[in-house]
Each structure stands twice: as structure tokens, then as C-alpha cells.
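Chains as they are written, first to last, in the working numbering: chain G, 1 to 379; chain C, 1 to 287.
Rather than coming from a laboratory, the hints here were simulated on the basis of the structure. Quick caveat: nothing in here was measured; it's all calculated off a predicted structure. Incorrect hints may have been included.
Cross-link-like lysine-lysine pairs, in silico, BS3-like; alpha carbons within 30 Å at most [as the list claims (entries may be wrong)]:
no., chain 1, residue 1, chain 2, residue 2
1, C, Lys58, G, Lys46
2, C, Lys204, G, Lys53
3, G, Lys308, G, Lys66
4, G, Lys46, C, Lys251
5, C, Lys171, G, Lys46
6, C, Lys181, G, Lys53
7, G, Lys53, C, Lys177
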Amino acid sequence: MARVNNWQLGREMSYWYPESRPEKQFAAVFDINKCIACQTCTLACKTTWTSGKGQEYMLWNNVETKPYGFYPLSWDLKLLEMLDGQQWSPDGSTYEGSTIFESAPAGERVLGWRPEDEDYAYPNVGEDDCAGQIDGGASLQMPHMAWFYYLARICNHCTYPACLAACPRGSIYKRPEDGIVLVDQGRCRGYQECVRGCPYKKVFFNPMTGTSEKCIACFPKIEQGLQPQCFVNCIGKIRLAGWISKPGEEREDNPIDYLVRIRKIALPLFPQFGLEPNVYYIPPIHVPTSFTRQMFGPGVDDAIAAYKKAAAEGDDDLTGLLGLFGSTEEVLSRWNRSGETITGFNDKGEEAVRVPLREPVSIRPSYDKLYQITRVNCP
Amino acid sequence: MRKASIIFAALALAAAFAASGCRGRTVSPSEVVAVPEQEITLDPLDDAWYPLPYHPAKLILQDLVEPRLMEPSTAEVEVTAMTDGKDVAFRLEWIDGSQNDLPGPQAFIDGCAIQLPSKQDANVPAPQMGEEGKSVEIAYWRADWQAIVDGRADEISSIYPNAAVDHYPFKAESLQKDPKKQQEMARRYAPARALGNDRSGPRKQPVEDMVAGGPGTLSPASPVSSGKGVRTDKGWSVVIVRPLPAFLTDKQSANIAFAIWQGENNETGARKMRTGWIPLVIRRLPE
Ligand code: SF4
Ligand code: SF4
């Protein structure tokens, strides 16, 4: 095992291979607060990539309703139970527990487990149903008596992929040009070690070809400077794809750097696993942070506070940047704000899109004086 | 007096079993003997195997690389061999209480493999899949490939009989009249097949030929071997036929090693039971 730097843990950790960061690292920010679980992303991916024989059950992109939804069943709970002591230092700067690499049992490369086929049989069906007893006369109050949120998930194209570390054949590789993690379909022999190793359960075994397959970050699109299918088809405009800089090289004008490293409002999923995952989440604001702290790390409270303040207190940079989500198919590697206008630039440095700080809003009165009728919202 | 006669009866019974039940099978305790025959057989149940001496090869854990098994499983594989001077056939028989030939997530497949050094050298390669510059040739049989060769359809319903499929793009009506285009489309949605990955099927042979120069380096070799496996009441009986290596003659012995995977025990890849090198000789049966 080598010693590598994991900025999400604030410390070095053990990994199967030495640190070798790609030239550019594909990264994304998902704003959980905007997700409506319409599953359009899931279908965009499904119809693009996994309509073949043996791929029937695969959802490279899935949206699950937390806390009761999983795909596959209990993917996070199982590992959380296996991983001892996940404590952070009191100031939240350093992870003091051990990662899945550091707690690999004898004979294994990583701490992991493998779902059975039935565990894939419950992709978000019924998890939105209220799990508790509702007393007579109950009504919705704020803050919620009961809570849930939608968690959209793809492969995290981790800096330290467990799938890659777990493969004894070296069939998984991380592309040096963009950090996208791929299973070499010509080399894979279907040992399912990656399925076992990936804590996010984002590698799937194809029983018809006998190889393992996973999200490819839509690399043919990325190579053309375009955002992946599940990003551009997102109805809620919750997603933004881009590049995250190497630790210490972050730039204010890089949208991902700004949200993740500078403003720290977007957080990694289960950083304590130790993979340095590169999909970052703006945590849900109406959920007890005792829950989300375990899922997104100790930065949750600060992230929520900054996010809430952005609109309320005229934080125009942050508010403006959030407006670039879902505004263009192009990958934005740079942005700026000039007054009320936010501009996004593509990889070539050309202007790709321009959005207003605030969309114009007009509210129709419910009573139409001209026709003397009350307007209703249904057709 | 009574005691003595009971012992005598037991001995007589044992002798009778040895003669009939085991049909006079002889053990070759320290080497695998390939017996010259006019013709070799691919059928593990062929009577031609029974007069031949078998070698009970002890299996040990693969313990060189992670991931690995921590507890031993299959203890032994019985190996019988014959050659027609051109090819050599090995029959491997081992005890395996469960038949695992349906692939799936967390579903692993019974299998076995034979391994020979690529060339004869006094300095033999490591038995754990060879070494850099000292490669080994491997022929690998799998129960799911056998099932496909025996007629299992290349459809998801073969694995999940109640699978519901809305639509496959290659089943689109517009492609129905053009089988070539249809196949092309099907391959597009089976990336491993599109890349010509040998193991991705649908297999025409239950045996795959490979070459390795150390753990993790297993690569496809040109297909020269064939095989057939059948389920017995105790486990598996599998014949693997490969070309007789030029360096193996009736005057010159070689080395061979074996590996067994028990699907039920989630054995796959490096998680396996294996042997060390075992001498392999060509020798006629005594007249
Ligand atoms: S999320 Fe899983 S599959 Fe994706 S790179 Fe990380 S370990 Fe690999
Ligand atoms: S990035 Fe592309 S391959 Fe990955 S989940 Fe989204 S649509 Fe699917």
C-alpha cells in the first residue's frame, strides 16, 4: 500500500497505488434541494447506455429516496455497519477513523461486500410513503415532522477508486486526461471484485457478457466538451459538470472549485470511505443534520448556512453561479459575474451561456378583472 | 475365533469393492501419467478412462496475491490422462456438492483449469500462474460455458425465467428484416462482445485457452483446446483436451498444475484452490 493525500479527509491515507492525479478531473455538483425524483436522468442514462441483454437491472444513474430508499438494497447501511469508528476531529478538519482501504481484512484489498441479485429488485418503489404512523388530524408543519430527500447517484469517478484497487487484473483504469474511471471491457473477466469493492455499488455485473460495467461519465460527450446525458436531461436542473482542480490549485473562476473548495457548499458523499469521490452534493436543507453529517461529512452545517444565506442576504456570486446549473449542454470550465449577468465559458474559453442573476418573475392575480373570472391552475 | 472371521469377511469385501466398485482403478501417487491410446476421448464418462491410473492431486490455497480465500475448500482433484501422440486429454474429477452454472451478481461458477509451462526449462516458472519471461499456458473450463454449449439459450430468461423486458433496441421493427444490422446493434449494447473479449460469449467451447506471466497477467491465447464437463453424483467430471506439448515425450517428463473453483463458495479469479507443479509423464500401462 502507498501513502496518498486525500484532501477530503484532511490527511494522508493508505491506497493500493501511489498518488497520481489526472491532468483534469471530471467532477460534478448536484443540488439535492432541487431534485424532484422524476427519474428523467435515470431514463436518459438507461436509454443511452444500458438497453442490452444482461443490462436490464442496471441503473448507472439512479435516484433514491433517503432515508429508506436504496439501490441496491442497503448499499450504504451495510458498509457503514462494517466500518468501525468513523469519527472526525472536533473541528471537523481531519478524519480520525479508518477508510475502507485501511480496514481491509486479511486476504482482501478493500473492505467491501457484494449485493445479491434480489438487492437490485427495489429501485425506489414506495420509499416516499410515510414510514411512520400519522395521528388523526396531523397536518404538514414546518419544520417537517417527517423528512426525506432525494439522492441522485452516478459513479463518483473517484480520485482513489475502490473498484480499481480491488481488481486483481488491472482491468479498471482512470483516464489521465479527465479522471474518468472505466472498466476495460476487453480485459475484464467478471470476477466482480469491483462490485464488491465499490462502496457506492456503482459497478454492475452483466450476466450475459460475464463482465462488469459502470457509468462512463458519457465520455464520448465529455470529449466533445458536452455534459453527460443525465445532466442535460435533468428537469430540476440540479446538476453541473466540470473540472475540479488539484488540491492547492483551486480557482475562483472555476465553477466546481468555487462551490466545492472555496465556498464549500457542495460536499462529497461518504468522504469517510476514503475514495475522494468527485460528485459533490449541496446537502438538503430541511433534514436533521445529525443524519446528513454522516453522509456528507462535518461540513454540512456550514454548507447549509451558506446556501440559505445566498439568496436571503444578496450573495450574488453564489446565487448567480447556481443559475448556471442546467443552462447549457456545454461543460463550463470558467464563469464570471458582471452585475446582474452571469456568464459561463466552455473548455475552449468561449462564451457558452449567459443567465440573469434573477429570472424575471411575474405573478398573475388570481382574479381576472377583464373576464371577471377566477383563474385556476389546471387546464 | 468369531472376531477373526468378521475381520476376514471385511477384508474380502474390501477386496471385492476394489476389484468391482472401483473397476480396478489404480492410483499414481506422485505423478500424472498420460497413457498412450489409439484415440482419445472428450467424454468424461467414457469407459476408456477407467483402466487408467489416476493421480489424487492435493489442492492448496492460492495464497500469493490478494484477494484470496482464507479457508481451504476443495481438498483434492483426481486427474487421469491419455494421449494419442498429437493431443493430450486430462480428466479432472472433484467433489462439489452444489452445481453452480448460472451467472449473476454474487453468483459464481464452478470451474477447473490445467496449466503447463510454455516451454521446457530446468528452471520452472512459479506454479502461481508463471512469472515474467517464464510464461504458462492455461486451459480453463467453466460450468456456465458448458451449459451454453449444451444448449442453454443466450437470453436473460435462461437465468431469470420470469424476467420482463420492455424492449431491446436490436429488436426494433425497423431492424427485423436485416439480421446483419440487428447483430451489429446487439453488439453495440454488449460492449465486451463488441471488443471481442473471449470470455463474453456466447461460447462455442466450454474451455478457454490463455497464457500468463504471473498473477494478474492472464491473457487470451489462440484457441486450441476443447473440453466437456458433466455433473456426477459427487461433483464434476471434466475432460480438457489440448495439443501435446512438443517437450513432453515418453523420454522427457513435464510439469502440470491444476486449479478448482467452487462457485457456491464465491470462488472466482484469484480466490481459488490450486496445486503446485506435479510431474507429468507419458507411460504405457503395464501389459
Ligand atoms: S464510485 Fe465506485 S465505481 Fe465509481 S470510481 Fe468510485 S469506486 Fe469506482
Ligand atoms: S454520466 Fe452518463 S453514463 Fe454516467 S450515469 Fe450519467 S448518463 Fe449514465
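Quiz item: Of the numbered hints stated previously, which ones are contradicted by the structure, given in increasing order?
Solution: 1 and 4
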